[in-house]
Amino acid sequence: MAYLLDADVFIRAKNLHYGLDFCPAFWDWLLAGNAAGTVFSIEKVGDELQAVADELSGWAAARSDGFFLRPDASAFPALAAVSTWANSGGYESAAVSTFLQVADYYLVAQAQAGGHTVVTHEIPSASTRKIKIPDACIGLAIKCMTPYEMLRRERARFVLGARP
Numbered sequence: 001m002a003y004l005l006d007a008d009v010f011i012r013a014k015n016l017h018y019g020l021d022f023c024p025a026f027w028d029w030l031l032a033g034n035a036a037g038t039v040f041s042i043e044k045v046g047d048e049l050q051a052v053a054d055e056l057s058g059w060a061a062a063r064s065d066g067f068f069l070r071p072d073a074s075a076f077p078a079l080a081a082v083s084t085w086a087n088s089g090g091y092e093s094a095a096v097s098t099f100l101q102v103a104d105y106y107l108v109a110q111a112q113a114g115g116h117t118v119v120t121h122e123i124p125s126a127s128t129r130k131i132k133i134p135d136a137c138i139g140l141a142i143k144c145m146t147p148y149e150m151l152r153r154e155r156a157r158f159v160l161g162a163r164p
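Residue numbers (full-length UniProt numbering): 1 to 164.
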């Protein structure tokens with residue numbers, strides 16, 4: 001099983017708990033997970049991160065295509081399935097239109113196509129004004145969890161070395 005990380009995972013990590021300057025172990029863990037074939041994101045998330053022009057955009061730009069996955073032919077049927085779900089879910093037309101234009105749509109579809117788990121800070125919502133990633137995952141039977149659940153499941157450890 002592989003994890004596909006939403007943009008908010010990277011953004012909140014940088015801005016809050018795992019700043020690139022004081023918690024490099026988190027970012028190293030992501031790269032090690034990627035090298036092991038378990039931690040990824042998608043090209044559209046990489047594009048979102050690189051558009052901001054900050055230290056995170058530099059980090060994202062330094063990643064190869066092997067970290068931010070491009071959709072392949074297997075994603076096309078999943079894109080159709082996610083679109084069908086969004087259009088039949090009782091959401092306002094503006095919510096559906098927005099969802100189908102942002103990375104969330106592609107993230108959910110790629111997770112479905114590859115049997116991956118989506119990792120996001122978003123929480124389910126009963127609102128019909130915005131489609132949230134967890135709601136799409138629930139509706140399409142895709143596993144979804146928070147970054148903290150992923151880190152615990154994978155037994156990530158960010159331990160300080162011995163002090164001199």
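Hint data in this document are derived by calculation from the structure and do not stem from the laboratory. Cβ atoms here follow ideal geometry from the backbone N, Cα and C, with glycine treated the same way. Fair warning: there could be bad hints in the mix.
[Stated by the list, open to error] Listed below are the simulated DSSO-like cross-link pairs for lysine-lysine, each with C-alpha atoms no more than 30 Å apart in a straight line:
no., residue 1, residue 2
1, LYS132, LYS143
2, LYS143, LYS44
3, LYS130, LYS44
4, LYS44, LYS132
[Stated by the list, open to error] Label pairs and their in silico Cβ distance ranges:
no., residue 1, residue 2, range
5, ALA126, PHE22, 17 to 27 Å
6, ASP21, SER83, 15 to 25 Å
7, PRO24, ALA126, 18 to 28 Å
8, SER74, ASP21, 14 to 24 Å
9, ASP47, ARG12, 32 to 42 Å
10, ALA2, THR98, 23 to 33 Å
11, ARG157, GLY37, 40 to 50 Å
12, ILE138, SER74, 41 to 51 Å
13, GLY37, VAL102, 22 to 32 Å
14, GLY139, LEU20, 19 to 29 Å
15, ALA25, PHE76, 31 to 41 Å
Quick rundown of the hints versus the structure:
The hinted pair formed by LYS132 and LYS143 meets the criterion: a straight-line CA distance of about 14 Å does not exceed 30 Å. Pair hint LYS143 plus LYS44 holds up; C-alpha atoms about 20 Å apart against a cutoff of 30 Å. Among the hinted pairs, LYS130 with LYS44 is consistent with the structure: their alpha-carbon atoms are about 19 Å apart, no more than 30 Å. Simply put, LYS44 and LYS132 have alpha-carbon atoms about 17 Å apart, close enough for the 30 Å limit, and the pair holds.
For ALA126 paired with PHE22, a C-beta distance near 37 Å fails the hint of 17 to 27 Å. Remark: the range hint 15 to 25 Å for ASP21 to SER83 is contradicted by a beta-carbon distance near 40 Å. Taking 18 to 28 Å as the suggested C-beta distance range, the pair PRO24 and ALA126 does not conform, at roughly 39 Å. Checking the proposed 14 to 24 Å range against SER74 and ASP21 shows it is violated: the Cβ atoms sit about 38 Å from each other.
A hinted range of 32 to 42 Å for the beta carbons of ASP47 and ARG12 is inconsistent with their spacing of about 18 Å. The given range of 23 to 33 Å is respected by ALA2 and THR98, whose C-beta atoms sit roughly 27 Å from each other. Separated by about 20 Å at the C-beta atoms, ARG157 and GLY37 break the suggested range of 40 to 50 Å. Roughly 22 Å separates the CB atoms of ILE138 and SER74, a value that falls outside the hinted 41 to 51 Å.
Separated by about 26 Å at the C-beta atoms, GLY37 and VAL102 satisfy the suggested range of 22 to 32 Å. Under the hint 19 to 29 Å, the C-beta atoms of GLY139 and LEU20, about 35 Å apart, miss the expected range. In this structure, ALA25 and PHE76 meet the distance hint of 31 to 41 Å, their C-beta atoms being roughly 38 Å apart.
Going through the hint list in order, the structure does not satisfy hints 5, 6, 7, 8, 9, 11, 12 and 14.
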